Amino acid sequence: MTTLAVALEHRSSARILTYAVPIALALLLVPLVFEQYHTILLTYGLVMAIAALGFNLLLGYTGLLSFGHSAYFGTGAYVVALMVKYLGVRSMELHLVGAIIGSVIVTGLFGVVCVRYTRIFFGILTLALSQVLWSLAFKFFWVTGGTDGLRVPTPTLLGVVTGQDDKTAFLAHAYYYYVLVIFFAAVTVLWVIVNSPFGKALQAIRDNEVRAEFVGIQIWPYRWVAFLVSGVFTGLAGALWVPLNGLTTPDVLYWPFSGEIVFMTVLGGFRSFGGPIVGAVIFNYLKTYAVGLTVYWQLFLGVVLVVLVLSLPTGIVGTAERLLARARRRG
Amino acid sequence: MDLPIIPLLNALLYASVLFLIAGGLSLIYGVMRIVNLAHGNLYAFGAYVTAWSVGAVASGAPTAVLYLLLPAGALAAAALGALLEPTLLRPFYKRAEEYQLLVTFGLLMILEDVMRLLWGPYPLSASALWEQMGSVTIQGNLYPNYNLLVIAVGATAAVFLWAFIYKTRFGVVLRATAQNMRMASALGVNINRIYIEAFTLGCLMAGLAGAIIVPSQSAVLGMGVDALVLSFIVVVIGGLGSLEGALVGALIVGVVREVGITWFPEIELAVLYLMAAIVLLVRPAGLFGRP
Amino acid sequence: MSLLETKDLVKSFGDTHAVDHVDFTVGDAEVLALIGSNGAGKTTLVNLISGLLRPDGGQIHFQGRDVTHQSVNDRIRAGIARSFQLVNLFDQLTSLDNIALSIFARSGKTRKLLALAERDRAVWQEALEILHLFGLEAKATIPAGAISQGERKLLDVAVAYALRPRLLFLDEPTSGVSTREKAPIMDTITSVVRRERISAAIIEHDMDVVFSYSDRIVAMHQGAILADGTPEEIRRHELVTLNLLGASPA
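Chains as they are written, first to last, in this note's numbering: chain A, 1 to 331; chain B, 1001 to 1291; chain C, 2001 to 2250.
Treat the hints as calculated values from the structure; they're not laboratory data.
There are no misleading hints in this set.
Cut-off 20 Å, straight-line C-alpha distance, at most; resulting in silico cross-link-like pairs (EDC-like, lysine to aspartate or glutamate): (1) Lys85/A x Asp251/A; (2) Lys2007/C x Asp2056/C; (3) Lys85/A x Asp148/A; (4) Lys2182/C x Asp2208/C; (5) Lys2112/C x Glu2126/C; (6) Lys2109/C x Glu213/A; (7) Lys167/A x Glu35/A; (8) Lys2007/C x Asp2023/C; (9) Lys2112/C x Glu213/A; (10) Lys1167/B x Glu1244/B; (11) Lys2109/C x Glu2126/C; (12) Lys1094/B x Asp2091/C; (13) Lys287/A x Asp251/A; (14) Lys139/A x Asp1226/B; (15) Lys2109/C x Asp2120/C; (16) Lys2109/C x Glu209/A; (17) Lys2182/C x Glu2172/C; (18) Lys1094/B x Asp207/A.
Computed from a prediction, not measured in an experiment: that's the story for all the values here.
Generate the whole structure from the sequences, applying the supplied hints.
Next comes the structure, spelled out in C-alpha cells:
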C-alpha cells in the first residue's frame, strides 16, 4: 500500500530550498561585488519580478490572462506620488501602506466586474479598465501632472535612511537591500499562497471550472480573491518602483506596460513559480540594452512574444526544466 | 423645441464607424470563435493606408481620383487579414485560449510599431477629401457633408452585410459554420477557406471604418487600441457574435457618447463603461449575444 | 419521508419538455437505476437535482428541505454529489490531489491562503484511504489524465464520494469501459455505497448492470416516468419492455 510519505515525497516544499538559498545568498552579495549601475538595474528587475509574480497568480494558477495589470502598478505608483505631493509624506513604509490600500480598492472594484467573465471577455475588460484609469490620469492633469507626471524625491527608509546626500549610493545600497527584503517576503508569501488549499482550489478552477463547482468551490469568489492578491502585489511593486524612477507618469498606466508584464511572464514561463522572476530580471536587462538600439521596441517584443508562444510556450524556466529532465533520464 | 439634428447626426457618424469595427470583430468571433486583439489596429491600418495614398497622390490629382482611393485602406486591411489568418492564427485554434490571446496581443504590438515604422510617429491626415465636400446648413449651423457620406457608407454597409449573410449562399455556409463547425465540416464545407474568408471580411470592415473616417480625423498611433476598447463596449452591449447586436450596440454607444459629451465631457469614457458594466451585470451575454 | 423527492418537476428547452411533470423519489440507503432511451430526460433530471440547471416548474425536496432554488454549492453542502458522464476530472493533478481537493473543499479549508496544503496530514491520509477504497491507490501519484478510462470513471465517482454525500448521482459510470471491466467497477462502487449507507441513483444503459446491482429501477420515457419498481416488476412491465428493453421478457 502506498504510504503517505511516498505519495507526498516528490512534492516536498523543502526541496525548493536547495536552490533558493544559494540564489538568496548571491543576491545579498550583489552590491558588494558589482558597480552601482548594475545593482540599480537589478533592483528594477526585482521590483518587476514582484509585479510579474503577482500577475502570474492570475495567469499561471487561476487561468486568467489580464491585459490590464498596468492599472494596479500605476495605482501603487500614483498613490506614492500623490502622498508626497498632497500629504508631504516621505516615509517609504507609509508609502507602501498607502499603495496597498489603493491597490485593494482599485483591484477590488475592477475585480468585481472582471472575474465573472470568461477568458476573452476577461482579457479585454481588464485592458479596457486600465485604459480608463490611464485616460483619467490625463484628464485630471491638475492632480496628476498629466504627461509631465509628478516628481518624487527619494523617500526615507525606516525613518532613518534618506537619499539626501548621494542618491545613487542610496539606491545602490540601502534601497537595494530594502527592496530585496521585500522581494524575499513577497516570494515567500506568494509561494505559500500558491501551495495552500486556496491555491489548489484556484488550480482546480483553472483546470476544470465545472468540476470545481461540483466539488464545492464557488468560482467567482475565489477568482476575486486571486485577482485582489494579484493586484496588490503588483501595486506594491509600483510603489517600490517610484524611488528608482523618481518620476511617475501616465506611461505606467498605459497598455504597452501591461504588455511588458505579460511578456516577461511568458518569457520566463507562466507555468512555473519561478518563471516570472527569471523573466522579469532578464527582460529588464533586455529592455535596458535594446532600447538604446532601436525605437521599435514594441515590434521586437511582439515578434519575440509570437515566437515564444509558437515554439517555447513554457518559457525559459519551463524549457530548462524539460531539458534538465531529459538530461537526467539519459544520465 | 427643435429636434437636436446635429447631435443625432454626430451620434450616427460615431455609430457608423463603430458598427463597422465591432461588426467585424463580432463576425470573426461568430464564425471562428476567436477574438483578435489586434482588430483595432486593422482599423488603424486602414486609416493610415488611405491617408497615405491620398497624400501620396494628392498634389494635382483631380478630387474624383482621391475619392476612388478611399477604399484603399479597406482593401489593404483585408489583404493583411488574409495574410495573417493562415500564418499566425491557424496554428492556435487547437491550443488553449490563452495562447490565442497572447499571439493576437503580440500581433497588436507588432502592428503598432509597423505603422510607426512605415508612417512615423506623427498624425497623418487626408483632410483634403473632407474639405472638398463642403458643408450644409442644418438648423442654422454648418455641418460637413463628408460626415453624411460616412453615415451613408455605414448604413449601406449594414444593409449589404445583412443581404450578404442572409441572402447569399456564402452567407448560409458562414452561418452554418458559425452554428456548428464540425457539422458543417462533415457536410463538406472547407473550413479553412471559410475561416480565411470570414477573417478577411472582418478585417475589411475594420479597414473600411478607418478608411472612411480618416478624412475627418487623422490617423494617429494608439487609435487602434482605443478602437478596440470602444468596440468591446459595443459587443458587450450588443452581444459578441451578433451583427444585429453590433448595430444596436453601436447606435446606443453613439447616442450615449453624444449625450455624455454634452453634459459630462470629462468622464465620457467612464459613462460608457458604466453602461457596459450594467449590461454585463444584468445580461452577461449582451442584448443579442449567444451565452 | 424520502431522502429526495421531486414534485411536478418541469424543464423545457423550447417546445420540448425534457422533464415533464416528474415526481421522482429516492429513499435512504437505496441503490436505484435510472433507465430510459436517449433523450428520455434522465440526465436533465440529474442536472436539475444537482443544480446544474434550474427548473421551469415544480419543486425539489432533500431531507425535508426545499432545495429547488439553492445553488450548486448549497446542495453539495446539504449532501448531494454527482459524477459525470463524460469524465470530468482535474487532469493535470494527480489522483491523490483530485480527491484531496474534494476534502479540502468539503471542510472549508480551501479558504486558507496562508497555510501549506501538504502540511494537513489528515486530509491527505483520508484521500489515500478513499483511493484505497476504490482500488486506485497505486495511481495516487499519477496525473488523472494519464490513467485508464475505467480508473478515471472510478476516480470520478471517488471525487464525488469524498464529499461525503447522502445522495450520489452517477451518470453512466460504466460507459466507455470494456465489458469485463464493468462488473469490478460496479462491485467497487456499490460496496462502498452500501457500506456507508449512501443512496445512489445511477443512470445506466447496460441492462445487465441495471438488473444486477439495483434495488429499484425507475424508467423514463420522453420526459416522464414510465415505471417505478423492483427489477422483477420492471422486467414484467409492458410499457417498459416495449419501449426500452426491446425483446419480450424471457
